[in-house]
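Q: Sequence:
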Amino acid sequence: MENLELLVLTFAVVVSFISFGTATYIQFRNMSKNEYKGGGQSHGESSIVNYLGSIIDDSASKKKE
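Numbering-wise (the numbering used here), the sequence shown opens with residue 358 and increments by one.
Hints were generated in silico from the structure; no laboratory data involved.
The reader is advised that the hints may include incorrect statements.
Here are the computed distance ranges between Cβ atoms for each label pair [to be verified]:
1) VAL365 <-> ASP414: 46 to 54 Å
2) VAL406 <-> GLU362: 35 to 43 Å
3) GLU359 <-> ASN391: 23 to 31 Å
4) ILE413 <-> LEU364: 25 to 33 Å
5) SER404 <-> GLU362: 20 to 28 Å
Don't be surprised by glycine CBs; every beta carbon is placed ideally from N, CA and C.
Sequences are here, hints too, so could you generate the full structure?
A: Here's what the structure looks like:
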């Protein structure tokens, strides 16, 4: 019984990793089925993708000059 806290903590971490892995798998499966369409209204994930794309595009164009 002295290691009960350690067991509970280990169980919580394992459940968290399993949940994260499952959510990641589901998201990647959905991404492979649906094509990303830029433009239009930006909400949530699409606005992050557009923002990161604009940063990469800006840095690539600055290096060429």
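Q: So, for every hint listed, does it hold in this structure?
A: Quick rundown of the hints versus the structure:
In this structure the hint that VAL365 and ASP414 lie 46 to 54 Å apart at CB holds, the actual value being about 48 Å. For the pair VAL406 and GLU362, the supplied restraint of 35 to 43 Å holds, since their beta-carbon distance comes to about 41 Å. Take GLU359 and ASN391: their Cβ atoms lie about 51 Å apart, and the range 23 to 31 Å is violated. Range check, ILE413 to LEU364: Cβ separation about 45 Å, and the 25 to 33 Å hint is violated.
As the Cβ distance of SER404 to GLU362 is approximately 41 Å, the hint placing it in 20 to 28 Å is violated.
The earlier numbered hints that this structure contradicts are 3, 4, 5.
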